[in-house]
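Take 6 as the starting number for the sequence shown in this note's numbering and just add one per residue.
Mixed in with the good hints, there may be bad ones.
As the list claims (entries may be wrong) - Pairwise CB distance ranges, derived in the manner of DEER restraints:
#1 Asn128 x Lys225: 15 to 21 Å
#2 Lys53 x Gly92: 22 to 28 Å
#3 Ala299 x Gly223: 19 to 25 Å
#4 Asp259 x Gly108: 39 to 45 Å
#5 Thr58 x Ala79: 16 to 22 Å
#6 Asn266 x Lys53: 15 to 21 Å
#7 Gly64 x Asp198: 28 to 34 Å
#8 Asn61 x Pro175: 22 to 28 Å
#9 Asp198 x His82: 37 to 43 Å
#10 Ala79 x Tyr237: 28 to 34 Å
#11 Asn266 x Arg97: 37 to 43 Å
#12 Thr58 x Asn195: 28 to 34 Å
#13 Asn266 x Asn195: 40 to 46 Å
#14 Asp198 x Gln178: 36 to 42 Å
Stated by the list, open to error - Derived pair list, reagent style PhoX-like, types lysine-lysine, alpha-carbon separation capped at 25 Å:
#15 Lys102 x Lys123
#16 Lys102 x Lys134
#17 Lys102 x Lys53
#18 Lys102 x Lys174
#19 Lys53 x Lys123
#20 Lys62 x Lys102
Hints listed in this document are in silico derivations from the structure and should not be mistaken for laboratory results.
Everything numeric in this text was worked out from a predicted model, so none of it was measured.
Beta carbons are placed, not taken as given, at the ideal position from N, Cα and C, and that holds for glycine.
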Amino acid sequence: MQFHRRLLAAVLGALALPASATTILFIGNSFTFGAPAGAPAPLVQSYKPDTVTDLNKSGIGGVPALFKAMTVQAGLHYDVSLETIPGAGLERHYNEKLGLIAGAYDQVVLQSYSTLDKNRPGNPALLIKYAGLLAQVFRERNPKVHVMLNSTWSRADQTWTPQGAWYGKPVEQMALDLRRGYDAADAASNLIDGVIPVGQAWNRAIATGVADPNPYDGIKAGQVDLWAPDHYHGSVHGYYLEALTLFGAITGRDPRSLGANDAIARDIGIAPATAAALQRCAAEQLEAEKKTRASAPPAA
Numbered sequence: 006m007q008f009h010r011r012l013l014a015a016v017l018g019a020l021a022l023p024a025s026a027t028t029i030l031f032i033g034n035s036f037t038f039g040a041p042a043g044a045p046a047p048l049v050q051s052y053k054p055d056t057v058t059d060l061n062k063s064g065i066g067g068v069p070a071l072f073k074a075m076t077v078q079a080g081l082h083y084d085v086s087l088e089t090i091p092g093a094g095l096e097r098h099y100n101e102k103l104g105l106i107a108g109a110y111d112q113v114v115l116q117s118y119s120t121l122d123k124n125r126p127g128n129p130a131l132l133i134k135y136a137g138l139l140a141q142v143f144r145e146r147n148p149k150v151h152v153m154l155n156s157t158w159s160r161a162d163q164t165w166t167p168q169g170a171w172y173g174k175p176v177e178q179m180a181l182d183l184r185r186g187y188d189a190a191d192a193a194s195n196l197i198d199g200v201i202p203v204g205q206a207w208n209r210a211i212a213t214g215v216a217d218p219n220p221y222d223g224i225k226a227g228q229v230d231l232w233a234p235d236h237y238h239g240s241v242h243g244y245y246l247e248a249l250t251l252f253g254a255i256t257g258r259d260p261r262s263l264g265a266n267d268a269i270a271r272d273i274g275i276a277p278a279t280a281a282a283l284q285r286c287a288a289e290q291l292e293a294e295k296k297t298r299a300s301a302p303p304a305a
């Protein structure tokens, strides 16, 4: 009888244990860590760094920490790591940090330079090459790894100023061109599992009137500025929208489930109505992606 009681207690104890955490690594630059290089740390860069593992040991929380907090609120178990280099494309992570990042992760998210190529804006060649190489490294460490690409946003400084590579084009165009580059990298490697449409979620926020399209002429009443004051990086609103889109794409959960009174949004100074609007933009963009995939012809 005593043996059976001990056995029952052991079984019940095992059932009570939380599911093993999903390990995920975010690789990127300031568009992932949440601040311009060299600038004072804003709320996002310094957000809850103790909840994630910064492989570079620089004490960054960033967008990965926002993602982590969202998974906690959703009752999910993620062990989140990040490795970021200011102003870097994927080639620098591969050439300089491979020994640090090459681990057996369940999921990896790769984010490259904001214009795809610093010297040739819009050219996806480096992204295609190094996304494939990194995916191969992670697949060798874990044959079941899920590798995704984070397609980022249009830079206002690249669109609205004469020095910009997208000057004279609609503000949405840069994000669409970046997406084409990330899609090309996805198509070039059967080890990559898809593209997360962060830049297109930003486009949706602009198109639906949640965000102002041009920070250079002032922000319209009732709208938010997705960009930081440099018109390059994200504001807290922009990074929150990025984290929402990542959260929905990676976990499959609806970003709207966080609710208007989301504590994460409150922590970084976003009003409830704005949080709800940004959640809606992320959710609607992810729903549009599903419909696009469902209507696509099967691969030959």
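For this session: For the range 22 to 28 Å, tell me whether the beta carbons of Asn61 and Pro175 fit it or not.
Result: violated (37 Å)
For this session: Take the C-beta atom of Asp259 and the C-beta atom of Gly108, compute their distance, and say whether it sits inside 39 to 45 Å.
Result: This hint is violated: roughly 30 Å between Cβ atoms.
Exercise. Is the hinted range of 16 to 22 Å satisfied by the C-beta distance from Thr58 to Ala79?
Worked result: holds (20 Å)
For this session: Compare the distance between the alpha carbons of Lys102 and Lys174 with 25 Å, and conclude whether the hinted pair is satisfied.
Result: violated (36 Å)
Exercise. Taking the CB of Asn266 and the CB of Asn195, does the distance hold inside 40 to 46 Å?
Worked result: Check passed, 42 Å falls within 40 to 46 Å.
Exercise. Holds or violated: 15 to 21 Å for the Cβ distance of Asn128 and Lys225?
Worked result: violated (34 Å)
Exercise. Given a hinted range of 37 to 43 Å, is it respected by the beta-carbon distance of Asn266 and Arg97?
Worked result: For Arg97 against Asn266, whose Cβ atoms are near 40 Å apart, the range 37 to 43 Å holds.
Exercise. Given a hinted range of 28 to 34 Å, is it respected by the beta-carbon distance of Thr58 and Asn195?
Worked result: holds (29 Å)
Exercise. Within 25 Å, alpha carbon to alpha carbon, are Lys102 and Lys53?
Worked result: Holds, at about 24 Å.
Exercise. Quick one, are Lys62 and Lys102 close enough, alpha carbons at most 25 Å?
Worked result: holds (13 Å)
Exercise. At the C-beta level, are Asn266 and Lys53 separated by a distance inside 15 to 21 Å?
Worked result: Holds, since Asn266 and Lys53 (Cβ atoms, about 18 Å apart) stay within the stated range.
Exercise. Does the Cβ-Cβ separation between Gly64 and Asp198 fall within 28 to 34 Å?
Worked result: holds (30 Å)
Figure legend: structure checked against the earlier numbered hints; hints not met, in rising order: 1, 3, 4, 8, 9, 14, 18 and 19.
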